[in-house]
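Participant: Residue numbers (the numbering used here), protein chains in the order written: chain A, 1155 to 1502; chain B, 1155 to 1502; chain C, 1155 to 1502; chain D, 1155 to 1502.
Keep in mind that the hints were calculated from the coordinates and are not lab data.
The model shown is predicted, which means the values in this text are computed figures rather than measured ones.
Take these hints with a grain of salt, some might be off.
Identical copies look the same in the list; a pair holds intra-copy or inter-copy alike.
Claimed, not checked - Simulated crosslink set (BS3-like; lysine-lysine; CA at most 30 Å straight-line):
| id | residue 1 | residue 2 |
| --- | --- | --- |
| 1 | Lys-1238 | Lys-1366 |
| 2 | Lys-1158 | Lys-1214 |
| 3 | Lys-1235 | Lys-1293 |
| 4 | Lys-1238 | Lys-1465 |
| 5 | Lys-1242 | Lys-1370 |
| 6 | Lys-1204 | Lys-1158 |
Protein chains: 4
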Amino acid sequence: MADKMKAVVLHKIDDLRIEEVPAPGAPGPDEVKVRTCNVGVCGSDVHYYKRGRIGDFVVKEPMILGHETGGEVIEVGSNVKNLKVGDKVAMEPGIPCWKCTFCKEGRYNLCQDIFFWATPPDHGSLAEYLVHPADFCFKLPEGVGTDEAAMIEPLAVGVHACNVAGVRPGSTVAVTGAGPIGLLAMQVALAYGATTAIATDVSPSRLALAEKLGAKLTINPAKEDVVKRVLAATEGEGVDMVLECSGAAQAISQSPYLVKPGGTIVWIGMTHPPEVEIDQVRLIINEIRTQGTFRYANAYPIAINLVAAGKVNLQPLITARYPFEKAVEAIDMCSTGKAEQIKVMIDF
Amino acid sequence: MADKMKAVVLHKIDDLRIEEVPAPGAPGPDEVKVRTCNVGVCGSDVHYYKRGRIGDFVVKEPMILGHETGGEVIEVGSNVKNLKVGDKVAMEPGIPCWKCTFCKEGRYNLCQDIFFWATPPDHGSLAEYLVHPADFCFKLPEGVGTDEAAMIEPLAVGVHACNVAGVRPGSTVAVTGAGPIGLLAMQVALAYGATTAIATDVSPSRLALAEKLGAKLTINPAKEDVVKRVLAATEGEGVDMVLECSGAAQAISQSPYLVKPGGTIVWIGMTHPPEVEIDQVRLIINEIRTQGTFRYANAYPIAINLVAAGKVNLQPLITARYPFEKAVEAIDMCSTGKAEQIKVMIDF
Amino acid sequence: MADKMKAVVLHKIDDLRIEEVPAPGAPGPDEVKVRTCNVGVCGSDVHYYKRGRIGDFVVKEPMILGHETGGEVIEVGSNVKNLKVGDKVAMEPGIPCWKCTFCKEGRYNLCQDIFFWATPPDHGSLAEYLVHPADFCFKLPEGVGTDEAAMIEPLAVGVHACNVAGVRPGSTVAVTGAGPIGLLAMQVALAYGATTAIATDVSPSRLALAEKLGAKLTINPAKEDVVKRVLAATEGEGVDMVLECSGAAQAISQSPYLVKPGGTIVWIGMTHPPEVEIDQVRLIINEIRTQGTFRYANAYPIAINLVAAGKVNLQPLITARYPFEKAVEAIDMCSTGKAEQIKVMIDF
Amino acid sequence: MADKMKAVVLHKIDDLRIEEVPAPGAPGPDEVKVRTCNVGVCGSDVHYYKRGRIGDFVVKEPMILGHETGGEVIEVGSNVKNLKVGDKVAMEPGIPCWKCTFCKEGRYNLCQDIFFWATPPDHGSLAEYLVHPADFCFKLPEGVGTDEAAMIEPLAVGVHACNVAGVRPGSTVAVTGAGPIGLLAMQVALAYGATTAIATDVSPSRLALAEKLGAKLTINPAKEDVVKRVLAATEGEGVDMVLECSGAAQAISQSPYLVKPGGTIVWIGMTHPPEVEIDQVRLIINEIRTQGTFRYANAYPIAINLVAAGKVNLQPLITARYPFEKAVEAIDMCSTGKAEQIKVMIDF
C-alpha cells in the first residue's frame, strides 16, 4: 500500500490545501484501516478555516480538517471481531483516555484527554485513509449509505441532546435554530415520541424543510414573536423542552419563556460572545433545568438505528455534493453561502 | 374559644400593624387547629413590607405576614390520625390543589393554584391561631423545639436544593451566599455526605459562622478571587455542585467557573434585576447542568429528621429573638440591619 | 333525573345480576356526572365473579363490577374548568387520598387508602351513571371513541410498565403473555421506539394478533424453547427488557435468562400460587433489575395521546361486544372462553 | 529485581501452596509495579479452594488466589502521573476491556471480557509483586493503612450496593447477613444518612459487632421472627431497602415482606442452590424493585473517602491476622471456622 495519500490540510486562516501527507500504516490489533468514502462539512471546519480557533482550541500547526465520516474497512487488526474487510462503517471521531473518572462513569465526551478529529492539534478525517479503533467504527445496516454514515456524527449530537433532555412520548419540544443540528435534533425528538415539534429560524427555506420533516409549527423570529406563538400553540403552558441549536443570543434569552414550569432547556448551539443574559428569576420560580451538551457519548448505535428504521431522514439535508478533488471549494462555499445550505457532502 | 385573635397585618408598604382579626373556626375533618408558638422572619416578609411585591405577587389587600411556623395542636378534625392535642408541630406553609399534573407527579411546589402563607393574596401565619391540613403539620420528635420547627421551613429549602443537586457522599460543594438559606443548605450538604463545603459571603461574621458550621474554606468575594480560590482548593478541577444562595449577579455569573465538567449549579437565591449574564459556551463545553429551585416538595420529613439526628444545627442561626408583641419591631430590624442578623425569631 | 339506575352487581361467587341501585346525586364542586357509554371486561371482574377474592381483597357485600370506562359528561361541578357537558371522557378509576407520602411523591397508585372501582368494598363502573372527580376524567381528542376510552385503562397499565422499564428508542423487548395487557404493553413499547418486540403465548390466535400488531418474533412456549429462540434472535445477548404479562410460573422463572446483563424485568401479570422460583445467582451476576408494577400513575394522558396519534391500535383487541343488557352474559363468556377472547366490550 | 517471587497458588481442590512463580516485569507506560503489603481473605478464595468453582468459573490451571489488596508503589510507568514511588495504594482488582457497551456506559463491572484477580483463569494478588494499571491503583490518604486498603475491595461492594439501592438521608435499611459484606454495607448505609439500620444474622457475635457498628436493632432469624420484628420497629410499614447479604434462601424469600410499598431489595449474597422462591404477587402489588449487584464500578474513590473521613470503621472487622508465610493456614482457618471470623488479613 502506498505510503502517501491526499488530505485536506488547513495551514492557517484562509489557507486550505489538498496535499500529500503520510498515509497511516497497518492498524494495531484493536484497530481497522478504512478507505474514506464520505465526509460532511461541519460548521467547526469552516470556523477553523476562517477564524483559526474555537474557544481555547487554536490551529497552530497544519491540521487535516473533517470529522463526519463514512468509509469502508480495508484491513482489520488481529483482535478485531466486530468488523471484516468490506464492511461499510460510520466512524465516531473521538478516542477517549479510558483512565479518567469521566470515561469510567460513561461520560467519555467530557474526557479532558480525548483525541478528536480536527480539533487542534488532532488531525481530522478528510484524507483518503484512516486508522481508527474498531470499537468506534460502527457497521452500517442494510440500506444505510456511507454519505448517511457521515451524517451519523451530527445526528449523534441530536440523539445525545434528546437523551439529556429526556424527550419521551407525548413531549412537546421547541427547536430553536433549524440548521443541520436543529433539523436532526428535531427528527430525533419526533422519533422519541414527541407529539409537538416547533422549529424556529430566520431562514424561510430552513423553516420549509423543518415543516417537511415534521414540525407542527415553524416560526421566523425575524418576523414573529416566538414566545407568543409558542404559548399560543401550547394552551399558554409552554413546551416541555427547548433544544437550543441556534447559538443566537436572542433565542438563548427567550428560552426560559418557552418552557413550562419544571421544563428543560438544552444548550447545544455555541454562541459568540459567550455571555448571554438569562432571566434567573424565571429559572428559579419555574424550576427550569438547563443542560449544556457537548458532542455525545454512546449515541452512535441509537443514531444508526433510527436511520435504519426510517425514523430519521438524512437525505433531504444534503443540499450540495462535491467530489474530494473539490473539497476546498466545498468548504469555501460553506463559508459564504451558509444559510442556503444545510449539509455539504464530500464524496471520495 | 374567642372569635378574635391578634395578627401581624401588612396594610401597605411600610404600614405593618399588630391588630385583631377574626380567629379561625373549628378545623375541618382533615385539619387541625394550632396555637402558634414561633414564627421566623424571612426575607420575603421584609420584601413585601418594604416594597409591596415580589415579582408578580403584589400586596393589594391587607395581608398577615409570616410562613416559618412552629406550634402546638389544640384541636383535631374528625379524620385526623397522625396528630393529637398537645403535639408540637412544624407546619409546611403551602396547600396545593392536588388536581394538576404537577401535584399528581409529586412536584406540588410547582402547582399554579397553591395556597401559600404570606404570598399575596394568601394570609400568613403571624397570628395566634391557625387552622391547617393535618398532613402538612409534622409532629416534632423529642428534643426539637417549636423555634426549630419554625426553621424547618428554610431548612426544607436547603434539603430540596441538595436533593435536586444530587449531593452525595464525597461531593464537593460551594455555597455562594452564607445567609440563612446558604448556611442551612451547606449543613444539609454536609449531612448528605459532602466532604468539602466552601462558603462565600461579603460578611465576615457570616463567614465565621459558616466555618463554625463546617465550611472547610470561606471566601469573601469583596476581597478575594472566588474562582481562583475554589480551583486552588479542588486541585484545579472545581467543585461538583454550586448552591447559589446569594442572588448576587457576580456570584451567579461566576458559578460556571466554579464547577467541574459535568457539574451542577442550583439556583436558589432570587436576584434583582432578574437578567444575569451567563457564559453559555462554558455551560456547553463542560456539560454543566443548572437547576432552578423554588420552595420544596416532600422535604419536611427529611429536614426534621436531620435536626433530630443532630446533623443540622439550627440554634446558632437564631441571632435575635422578639416576643410576639414586638413583631413589628423585629421585622423593622430585619429590614435595616439585615447583614448582621441571620434569623430573627418571634416567640409567642 | 331519576334516582335509580341499572348496574351489574356481584352478590357472591357465581351470583351476578343486573339490578336497580340508587343513582348518584349531583356532582360535588370538583366532580362531574357521567353517562356511562362503554365498559370493558377485565380479568379481575371475572376473578371476583368466580372466586370472590383477589389476594386480600374479598367480596363481602354486593359490589358493582367494572372499572374500564368511557362515558359522556352530563353535569359538571361548580369548580370544574377542564370539562363541559357533552365531552366524551376516559375515566381513571382510582381516587387516592392525597395525604400520604405515596400520593405526595407522585406514586399515588401505591396509596393504601385509594378508592378504586370494583376493588372490594368499592363499587365499580358497570352502572348507567357515575360521579367522579373531574381531574380523573380525561377528555377524548378527535377520533377516539368511548369504547377506546374504556381501553385506556388497560393501556395505562402498559404505559406504566414501559415507563418503569425505561423502554426507549432502540430497546429490545420481550413480552411474555399476549393477552390484553401484553398486547397493549407491546404496542406501547414499540411506540416508545423499541426496535425488537418478541411476544410469547400458548395461544396461536394471540400470537397471530401479536405479529399483526408489530411483534418481530412470536414464540409458543408450549412448543418451543423460549430462551433459545430469544437468544438466537438477539445475537446471543438477550433482550433489554422483559415485560412479564402472563403470570405463568414458567414464564416468570425463565425471565432472567431472556435479558442481557444489566437488563430489566417488569412483573405485571399476577400469578397463583404467588411463590415462584427465581435464579438469584443469575440476577446477581448479571445485575438484573426487576420491578413489580401495580396499576399506574400519571399514565392516562400519555395513553390517550398514543391512541390519538395512531401509535397504539385498540380496535383489533375488541373481539366481542355485548349490549349492557347482556353484561352478565358477557362476563360469563369471559369466564369460560377466555383464551379465545382478548377484550370483551360492553356497550351502553 | 529478582525474576521470581512467592505466591499462594491453588493447584486444585484442597491443594494450596506457597511457591515460587515468575515475578512480573517492568510496568507498561500506564502501569505501576506494587509491592504487596496486605491481602484479605475473601469467601470466594475459600470457595475456589474447597470446591474448585463458582458458577461457570472453574479452576482448571494452577491459579494464584487473592484480590483484596493494599500495597506500595515501587515503580511507575512512563505515562503515570497520579502516583509516585512510595505511595501506598488500594488496588481495584478488575481490568475491563473498554470496548464493549457496558464499559462505555460506565457499567464496567458487567464487562464480559474483564480480567479479574483470582477469577479463573486470571491469577490473583496473593503474591509479593504486582503490575497493575495506574488508574486502578488509588493513593491512600493520610491515616489509611494498607490493611484497610485491602478492605476497600469488600467495602466497594457495599458502596455499590448502597448506590444502587439509592440509600439517602432518612432511609431505613435492613441488612440481612452480618458477615464482612453485610457489616460494611450497613456502615455505608449509615454513612449515606440512613437513620435506621437493622441487621440480621444467626451468629450472636456478628450481631454484637453489628450493634457496635451502628445497628439500631439486631435480629437472630434462628430464634426470632424477622418479619414481625422489622415491622414492629418501623410502625408496621417496613423498611425502605433491604440489602440482602446472607445468601440464605430464607432471608431471600422473606425480603419482600420487610420492605414497604415502593421499596427496594438489593441482592448481594450469592446463594446455593441458585433458585429461591419469591412471592411475585407481593412484588407486584407493592411495586417492589429488586436489583442484583455484582462487584462494583466507580466505587473505590467513595469507599476510600468514607474510611478517611472516619465514617466507616474497618479495624473491628479484622478478627485475625497471619503473616504471608502462613497464608495457607489463614485460608484453611477461614474454610473451617468461618462464622467466628469476619475478616482474616494476611500481612506481607
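Participant: Hints first: check each against the structure and report whether it holds.
Facilitator: We went through each hint and held it up to the structure:
1. Taking CA atoms no more than 30 Å apart as the test, Lys-1238 paired with Lys-1366 passes in neither setting, with 38 Å inside one copy and 36 Å between copies.
2. In this homomeric assembly, Lys-1158 and Lys-1214 come within 30 Å of each other (Cα to Cα) only inside a single copy, at 23 Å, whereas the closest approach across copies is 50 Å.
3. For a Cα distance limit of 30 Å, the shortest separation of Lys-1235 from Lys-1293 inside one copy, 12 Å, qualifies, whereas the shortest one across copies, 36 Å, does not.
4. Taking the closest pair of Cα atoms, Lys-1238 and Lys-1465 come within 30 Å of each other only inside a single copy of the chain (28 Å); across copies the shortest separation is 38 Å, beyond that limit.
5. For the homomeric pair Lys-1242 and Lys-1370, the shortest alpha-carbon distance between copies (26 Å) is at most 30 Å, but the shortest distance inside one copy (35 Å) is not.
6. In the homo-oligomer, the alpha carbons of Lys-1204 and Lys-1158 lie at most 30 Å apart inside one protomer (27 Å), although the nearest pairing across protomers, at 61 Å, exceeds that limit.
Hint violations for this structure: number 1 only, all remaining hints satisfied.
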